[in-house]
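Colleague: If you read the protein sequences in the order shown, they are chains A and B. Residue 23 in my numbering sits at position 23 of the first sequence, and the numbers go up by one each step. Counting from 1 along the second sequence, just add 1000 to a position and that's the residue number in my numbering.
Simulated from the structure, these hints should not be mistaken for lab results. A portion of the hints provided could be inaccurate.
[Unchecked claim] Straight line, CA to CA, 30 Å or less: simulated DSBU-like cross-link-like pairs of lysine-lysine:
id : chain 1 : residue 1 : chain 2 : residue 2
1  : B       : LYS1311   : A       : LYS61
2  : B       : LYS1116   : A       : LYS61
3  : B       : LYS1017   : B       : LYS1293
4  : B       : LYS1103   : A       : LYS39
5  : A       : LYS61     : B       : LYS1127
6  : A       : LYS54     : B       : LYS1339
7  : A       : LYS54     : B       : LYS1116
8  : A       : LYS61     : B       : LYS1016
9  : A       : LYS54     : B       : LYS1231
10 : A       : LYS54     : B       : LYS1311
11 : B       : LYS1339   : B       : LYS1311
12 : B       : LYS1013   : A       : LYS39
13 : B       : LYS1017   : A       : LYS61
14 : B       : LYS1231   : A       : LYS39
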Amino acid sequence: MTRTLALCLLFAAAWSLPVPALRAQEKKDRDTLVRDDLKEMRDSDLWIYNDVDKGFELARKTSRPLLIVFR
Amino acid sequence: MQVARPRDSELRKLLKKFVCVRVIQGNSLDLELFQFDYDLTFAAFFMNADRTIYGRYGTRSSRQTPERDISMRGFVSALEGALELHGRFPSVRKSLAAKRGGKPRYPVPEHYPTLKRFTPLLNYGGKVAQSCLHCHQINSAEIEMLHSKNDPLPEKTFYPWPLPGSIGLRLSASEKALVLKVDPASAAQKAGFRRGDEILSFQNQPILSIADIQWVLHNAPSPAKLTAVVKRTGKNTRLNLDLDAGWRRNIDISWRESSWPLRRMGLGGMVLEDLQDSNRKKRGLDGMALWVKRVGQYGQHRTAKDAGFRKGDIVVEFDGIRERLSETGILAHVFQKRKPGDVISVKILRGDKRKLLKLPIK
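Okay, chain A solo, but in the shape it has when bound (with noise of 0.2 Å):
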């Protein structure tokens, strides 16, 4: 996958987060959107859901960089 096609992608799905974007689709239900999304990404190997002390913590114990997204 090119990195423009990734940028479109990652900037035109919804997120949980209450953007524009979103909103066409908050029409279906805003509310299992956002569940699922929590579902999905709690298991993530790459991803620490919606807890920085977490990454903080995390980021200290093994010497990483944070990156921490708000979307």
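Knowing the structure of chain A, use the given hints to seat chain B on it.
Modeller: The following block gives chain B in isolation, referenced to the frame of chain A:
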């Protein structure tokens, strides 16, 4: 969402070098640590575990195309830059100190009077989406609080997060901070910026993205003297940038989600748009000519409707001002010169007839 679910193996490899955290709510956000443009749809911080900020990512200048100022290539460049700073840490710590902001008015958003209904945690068992505090509501809450106290809005609040264009710099979204164009007669041109310059530091802060440039501008006073170091044909060059007292005032805030409460309070719920030159010529208008694009119909957004304004009216005089102003300029006038309870005289053109209407400020 390729950052969260990366299929690109190179990107995944790069992200694996970070501890990646995704925050989906403004509730209980640490406002002292996480100061960014809250009207963005995507924002990122690169940080050390000791909470030193390496840089920010995320820029927006339009409502319709929020992604035009960002790119995956630019994001990757910023990630690589953050790794480079991390490798040099702690020797770079001092240069990064100013990337953190001062103490905010409130530690968390839900302490604002208009956001008290929100709780620190999302209500996953109930109406979870409704329980989510949107980041843009933080800006709105600050504006509403100052206005309710009859305080004029400081320029930093009214014109937040200036884009590089506000000083005459057009930067590439595909690089960290590469100059594509310098506007003629701008502050940037007077400072000596040139096309092709790579901005390495601004006010001695290492630069990873356009958002880092915006951070420096956001915190710059009016007037301001700023310094930048650019890489030009392999050599580092120091530039001095002088910004005059009104340097922020050409910034457009109309795309911001947080401009809606400004319209509600200051324009009675109207959306105004500067009439295009061709239309002005046709109607013989050369000063203020703001087309009423929308009139709020319900609740607190219907003040202008109740005052007699209609979609399609053209505002030709506002509170005695007749010169050409944008909607942002009108809002700036209201929020710096007027207070709730004031009633403003507005002259409009409806068809061929001129009318005088009275608009209350909320």
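Colleague: Take the C-alpha atoms of LYS1013/B and LYS39/A, compute the straight-line distance between them, and say whether it is at most 30 Å.
Modeller: 24 Å, holds
Colleague: Holds or violated: LYS54/A with LYS1339/B, Cα cutoff 30 Å?
Modeller: 45 Å, violated
Colleague: Would the hint linking LYS61/A and LYS1127/B be met if the CA-CA limit is 30 Å?
Modeller: Not satisfied, since the Cα-Cα distance of roughly 36 Å exceeds 30 Å.
Colleague: Are LYS54/A and LYS1116/B close enough, with their CA atoms no more than 30 Å apart?
Modeller: 26 Å, holds
Colleague: Tell me if the straight-line CA distance from LYS54/A to LYS1231/B falls inside 30 Å.
Modeller: Distance ~38 Å between LYS54/A and LYS1231/B Cα, so the pair is violated.
Colleague: Between LYS54/A and LYS1311/B, is the straight-line Cα distance small enough, at 30 Å or below?
Modeller: Distance ~51 Å between LYS54/A and LYS1311/B Cα, so the pair is violated.
Colleague: Take the C-alpha atoms of LYS1116/B and LYS61/A, compute the straight-line distance between them, and say whether it is at most 30 Å.
Modeller: 36 Å, violated
Colleague: Keeping to a limit of 30 Å between CA atoms, is the pair of LYS1231/B and LYS39/A held or broken?
Modeller: 46 Å, violated
Colleague: Given the hinted pair LYS1311/B and LYS61/A, is their alpha-carbon gap at most 30 Å?
Modeller: Outside the cut-off at roughly 60 Å; violated.
Colleague: Holds or violated: LYS1339/B with LYS1311/B, Cα cutoff 30 Å?
Modeller: 25 Å, holds
Colleague: Check whether the Cα positions of LYS1017/B and LYS61/A lie no farther apart than 30 Å.
Modeller: 13 Å, holds
Colleague: Keeping to a limit of 30 Å between CA atoms, is the pair of LYS1017/B and LYS1293/B held or broken?
Modeller: 49 Å, violated
Consistency with the previously given hints fails for numbers 1, 2, 3, 4, 5, 6, 9, 10, 14, ordered from lowest to highest.
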